[in-house]
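Undergrad: Here's the letter readout for the chains.
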Amino acid sequence: MTETVESPTAPDPKPYQWNNGSGPGGGALLLIAFFLIGTITVIAGFMAGWRPPAASEEGQGIDETITYLLVSTGVIVLVGHAVLCWFLLKGGGTSEYRRPSAKTEWLFGLIPVILMLAISEAGVLIVSGPVWDSLFVEKPVNPVRVEVIGKQFEWIVRYPGKDGIFGKFALKWVHGVDNPAGLDDTDDNALDDVLNGKVLVVPVGRPVVVSLRSHDVIHSFFVPDFRVKQDLLPGYTTEIKFTPTRTGKFEIACAELCGLGHYNMRGEVHVLPQEEYDTWIRSQTGHFGG
Amino acid sequence: MLDHPAPKGFLSRYVFSLDHKVIGIQYIVGAIVMGLVAAYLALLIRTQLAWSGAIQQPEDYLAIVTMHGTLMVFFVVSPLLSGLGNYLIPLHIGARDMAYPLLNMLSFWIYVLASVIMLASFLMPGGAAAGGWTAYPPLSGSESFLPGSGWGQTLWILGMALFITSFTMGGLNFLTTILNMRTKGMTLFRMPLTVWGFLVATVLALLAFPPLTAAALMLLFDRHGGTSFFMVDAVINDQLIAMGDGTPLLFQHLFWFLGHPEVYVIVLPCICLLFEVLAAFTRRPAFGYRPSIYALLCVGLLSMIVWGHHMFVTGMNPWVGKYFSIATVIITAPFAVIGVNLVASVWRARLRLATPMLFALATISAIGFGGVGGLFLGTMTSDIYFHDTYFVVGHFHLMIGTVTMLSIMAAIYFWFPKMFGKMMSEKLGKLHFWLTAPSMMAVFILMHMQGLGGMVRRTYDTSVYTYNEGANSSLTTPITILAMIAVGAQAIFLWNFFYSAFKGQPSGRNPWEASTLEWEAPSPPPHGNFGDELPIVHRGPYEYSPEGVDQDVLPQAAPDPDVASTDTEIPE
Amino acid sequence: MSTTGIAAPVRAQNRRVLVAALVATVVMLFTAFAAAYLEHQGAARAANKWSPVALPGVVWINTAILAFSSVLAEVFRQSRRRGLLWGAMGLGLVFLGGQVFAWLELRRSGVYLPTNSYASFFYILTIVHAAHIALALVALATAARRPRIASLCVGFWHFLGVVWIYVLFILKGL
Numbered sequence: 001m002t003e004t005v006e007s008p009t010a011p012d013p014k015p016y017q018w019n020n021g022s023g024p025g026g027g028a029l030l031l032i033a034f035f036l037i038g039t040i041t042v043i044a045g046f047m048a049g050w051r052p053p054a055a056s057e058e059g060q061g062i063d064e065t066i067t068y069l070l071v072s073t074g075v076i077v078l079v080g081h082a083v084l085c086w087f088l089l090k091g092g093g094t095s096e097y098r099r100p101s102a103k104t105e106w107l108f109g110l111i112p113v114i115l116m117l118a119i120s121e122a123g124v125l126i127v128s129g130p131v132w133d134s135l136f137v138e139k140p141v142n143p144v145r146v147e148v149i150g151k152q153f154e155w156i157v158r159y160p161g162k163d164g165i166f167g168k169f170a171l172k173w174v175h176g177v178d179n180p181a182g183l184d185d186t187d188d189n190a191l192d193d194v195l196n197g198k199v200l201v202v203p204v205g206r207p208v209v210v211s212l213r214s215h216d217v218i219h220s221f222f223v224p225d226f227r228v229k230q231d232l233l234p235g236y237t238t239e240i241k242f243t244p245t246r247t248g249k250f251e252i253a254c255a256e257l258c259g260l261g262h263y264n265m266r267g268e269v270h271v272l273p274q275e276e277y278d279t280w281i282r283s284q285t286g287h288f289g290g
Numbered sequence: 001m002l003d004h005p006a007p008k009g010f011l012s013r014y015v016f017s018l019d020h021k022v023i024g025i026q027y028i029v030g031a032i033v034m035g036l037v038a039a040y041l042a043l044l045i046r047t048q049l050a051w052s053g054a055i056q057q058p059e060d061y062l063a064i065v066t067m068h069g070t071l072m073v074f075f076v077v078s079p080l081l082s083g084l085g086n087y088l089i090p091l092h093i094g095a096r097d098m099a100y101p102l103l104n105m106l107s108f109w110i111y112v113l114a115s116v117i118m119l120a121s122f123l124m125p126g127g128a129a130a131g132g133w134t135a136y137p138p139l140s141g142s143e144s145f146l147p148g149s150g151w152g153q154t155l156w157i158l159g160m161a162l163f164i165t166s167f168t169m170g171g172l173n174f175l176t177t178i179l180n181m182r183t184k185g186m187t188l189f190r191m192p193l194t195v196w197g198f199l200v201a202t203v204l205a206l207l208a209f210p211p212l213t214a215a216a217l218m219l220l221f222d223r224h225g226g227t228s229f230f231m232v233d234a235v236i237n238d239q240l241i242a243m244g245d246g247t248p249l250l251f252q253h254l255f256w257f258l259g260h261p262e263v264y265v266i267v268l269p270c271i272c273l274l275f276e277v278l279a280a281f282t283r284r285p286a287f288g289y290r291p292s293i294y295a296l297l298c299v300g301l302l303s304m305i306v307w308g309h310h311m312f313v314t315g316m317n318p319w320v321g322k323y324f325s326i327a328t329v330i331i332t333a334p335f336a337v338i339g340v341n342l343v344a345s346v347w348r349a350r351l352r353l354a355t356p357m358l359f360a361l362a363t364i365s366a367i368g369f370g371g372v373g374g375l376f377l378g379t380m381t382s383d384i385y386f387h388d389t390y391f392v393v394g395h396f397h398l399m400i401g402t403v404t405m406l407s408i409m410a411a412i413y414f415w416f417p418k419m420f421g422k423m424m425s426e427k428l429g430k431l432h433f434w435l436t437a438p439s440m441m442a443v444f445i446l447m448h449m450q451g452l453g454g455m456v457r458r459t460y461d462t463s464v465y466t467y468n469e470g471a472n473s474s475l476t477t478p479i480t481i482l483a484m485i486a487v488g489a490q491a492i493f494l495w496n497f498f499y500s501a502f503k504g505q506p507s508g509r510n511p512w513e514a515s516t517l518e519w520e521a522p523s524p525p526p527h528g529n530f531g532d533e534l535p536i537v538h539r540g541p542y543e544y545s546p547e548g549v550d551q552d553v554l555p556q557a558a559p560d561p562d563v564a565s566t567d568t569e570i571p572e
Numbered sequence: 001m002s003t004t005g006i007a008a009p010v011r012a013q014n015r016r017v018l019v020a021a022l023v024a025t026v027v028m029l030f031t032a033f034a035a036a037y038l039e040h041q042g043a044a045r046a047a048n049k050w051s052p053v054a055l056p057g058v059v060w061i062n063t064a065i066l067a068f069s070s071v072l073a074e075v076f077r078q079s080r081r082r083g084l085l086w087g088a089m090g091l092g093l094v095f096l097g098g099q100v101f102a103w104l105e106l107r108r109s110g111v112y113l114p115t116n117s118y119a120s121f122f123y124i125l126t127i128v129h130a131a132h133i134a135l136a137l138v139a140l141a142t143a144a145r146r147p148r149i150a151s152l153c154v155g156f157w158h159f160l161g162v163v164w165i166y167v168l169f170i171l172k173g174l
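Chains as they are written, first to last, in the working numbering: chain A, 1 to 290; chain B, 1 to 572; chain C, 1 to 174.
So that you can see chain A by itself, here it is in the shape it has in the complex:
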């Protein structure tokens, strides 16, 4: 650390002086190139479609929100950068400068407020509101009900079986492969419940309501192709809904850090045509043989 004790009046030895003649020079052009190339690349990159195509109705809705935001905010970023570049390029030179009046300043405060409120609240209320409602508020029509259990570090899928009712469960009954879901073997409803490893099999075109619970820590059920994600909270049951629009195999990822094997907590969703699904579900026997 330096300690040049300087008395307030002593002249500085060879002090630094800003060279007024140098002007902005090539630096400004470089900056402008940086801003413009950056902005255009980013917007092009985002528009290029990094997402796997949406495979659920809700996913299409969420994609609409994303597209809306990409376009509206893309324009804002582009215009903002263009204006900044123009200011840098044009500069003020030596011409007379008049300070903007307070009125101008307030006006330039008001315009972005109105613009941003309109864009952002339209995004929330008009574009994404209906999707949100369809996910969490509206009652699904004729849904397939499934339960997905998260534990370190795998998924267990449970179907209600022939009676269509999920049996009772409790953590104290969980026991290895005999009873991985902790079902109550004295409960008639539980006897025919079907357990299915890491693969969630669902029919196409019908809403699927997945109840989620966890055996240990917080996990998060995420199917990128469906665009849906929902946390699993230990001690609680949460729900997520999606309506697959095409058949195929999709991946389930765990999105909430859940421990050492978090990265490896992979599951699959198989979306089948209704008839194939019916055949498949009929062929399944209950975990307790019911």
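Among the clues, some could well be false.
Derived SDA-like pairs (lysine to any residue); straight-line CA-CA distance at most 25 Å [claimed, not checked]:
(1) 90/A / 233/B
(2) 172/C / 31/C
(3) 249/A / 463/B
(4) 322/B / 68/A
(5) 103/A / 187/B
(6) 322/B / 129/A
(7) 249/A / 322/B
(8) 90/A / 434/B
(9) 241/A / 185/A
(10) 139/A / 71/A
(11) 322/B / 35/C
No wet-lab data here; the hints were simulated from the structure. All figures in this text were calculated on a predicted structure; none of them were measured in a lab.
Use these hints to put chains B and C onto chain A, whose structure you have.
TA: Showing chains B and C alone in chain A's frame:
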């Protein structure tokens, strides 16, 4: 003149100093040291992601991720701002020191202690905390879920508690100093925007940290007192482990009640100091001084009531979720005002593209990208998709990583002459800028794209998922290489900083011909900052290109020129 | 140089801001606990697991002691008779002792920190409050020798009394 006499010995001058300037530089140097550790951790993360199967095990990786986040947010960026605030606030408002110098010194040394404890947690059995910087229970609550949730997590809580103590002490000092220690004529609406940024940030920090303290205390009780505030019965290896029936979500509420304002605590001073740099290097007044202040106050107020947007997918009541989304995106409005004012400050500039100005202009660009990214995460349905993906990682690194680092760099290059009486090398500064700014921004913008592709964060090995093949994973290695460039370029900065502190060209009192009070003091300012008389403030902070006066700039402390100025009276 | 650097009125104003900010942080701290308590209570009631514990009777005696201590401190503030301050501080110590007695009493009746969430909240709230009381006692002790900060210290003491009522309200009223 001052409460404390001018220091005599080495210890009282440089180590246990009461002088706000020394404490400020201590904070900055301390934060640089912690920053090197945290940046090294960042490179370890990127190495694992790009060339996986290397040296790290998952437990190492998660500990590295957790500690990188914790250190960067609380032990690098926050103390960098504590340092800048400590250095600048008294000089900016014309005070001789902070209101409570002893408290100030204690605050720094408690920060050092907290840092040591945080680093020591790597040496604990089970390693450092590994449950993420958010430390969500139950994962962070018991060793049986994660090895890092053993002693490492306990030390993490202890380190955080000490950090909060230190930061609160600093905050009390900032608040008192700004409100009471202003020199004659320095009304609130003549304060430089930097000081306004610190004022709002301080109030936010003082209000938002206590709930985190409560959460940390409850987590500590859960871990060592057998309570179940957040813990829930669990089955591990077929063993039922009774942990009670707590509410894990409660921790998230308390954490984000702090966590979201904390983001603004970090970002607001960084954005505000840009106005200062812009005005000095455009030779024009900062555009929209008052609207910016009101926008700042709105941002501060709103930031306290929107924490739930971090929790859209936790299964919260859908109407509550909607409320949080509606409230969150309102923040874009005052932020847009600040953004427009930043851009408009460059209007008709007489540009001087020195290094601080380059950093300031690049920060505006980063604010643009980072700001609109926030809209994707604040809107509830798009957040369902983006939550916990690399989009979030990219977004917050752009805001509280890139914006803050670029802006703090602008500040360091700008105020370095004041701190040491020497100039930093312009050539090296520009090289540093051109290597840092584009690579940093590219790193985090590319992460947004991986998030758009659905890549999940905090994953040790992303190749487990086939949907990551192709576009997503093609970006991983380029990001790592760019990150290496960004971190490596800091070597230039370090050399420039320490070399120039001793051997730089003498700067003189006011090398940038700037207008605010600190430039009235000698460089570096002596004990007590100003001479026998404190400067008297005659006008607002950014009177560049004043009308009707044949002068480039009217400093705040300069007496009125002959021609009548618009703002002459000195309020008491 | 002596301690005359910062002008006396500025110093006084500094102290007021400092104490006001401290009060704000303490309010936020206990508000966070209250919110946590409500959240827990709601969840536990929904699951029919909410079982408040009867507070030991000594808690009410402690409340009276703290109130009387506040009265003594207030009379000290106005009359500046130091004996009253010692009285107030003594009562503060008695309050702390009484709190320890309350914890022991609960423990004797088999209510421990982890027994249920009501008990956890009782302990954590009273412990955090007691920690604040202990620190405030140190502040009061310094007030005896420094009349200029006496008013603020006494004010903070009153505030902690109010916080105690708030804690009781959380535990009994909510």
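Undergrad: Does each hint hold? Answer for all of them.
TA: A quick look at each hint next to the structure:
1. 90/A / 233/B: violated, 66 Å
2. 172/C / 31/C: This hinted pair holds, its Cα atoms lying about 16 Å apart.
3. 249/A / 463/B: Holds, because 17 Å separates the two Cα atoms, which is no more than 25 Å.
4. 322/B / 68/A: holds, 18 Å
5. 103/A / 187/B: holds, 22 Å
6. 322/B / 129/A: holds, 8 Å
7. 249/A / 322/B: violated, 32 Å
8. 90/A / 434/B: holds, 22 Å
9. 241/A / 185/A: violated, 29 Å
10. 139/A / 71/A: Outside the cut-off at roughly 32 Å; violated.
11. 322/B / 35/C: Roughly 21 Å between the alpha carbons, so the hint for residue 322/B and residue 35/C holds.
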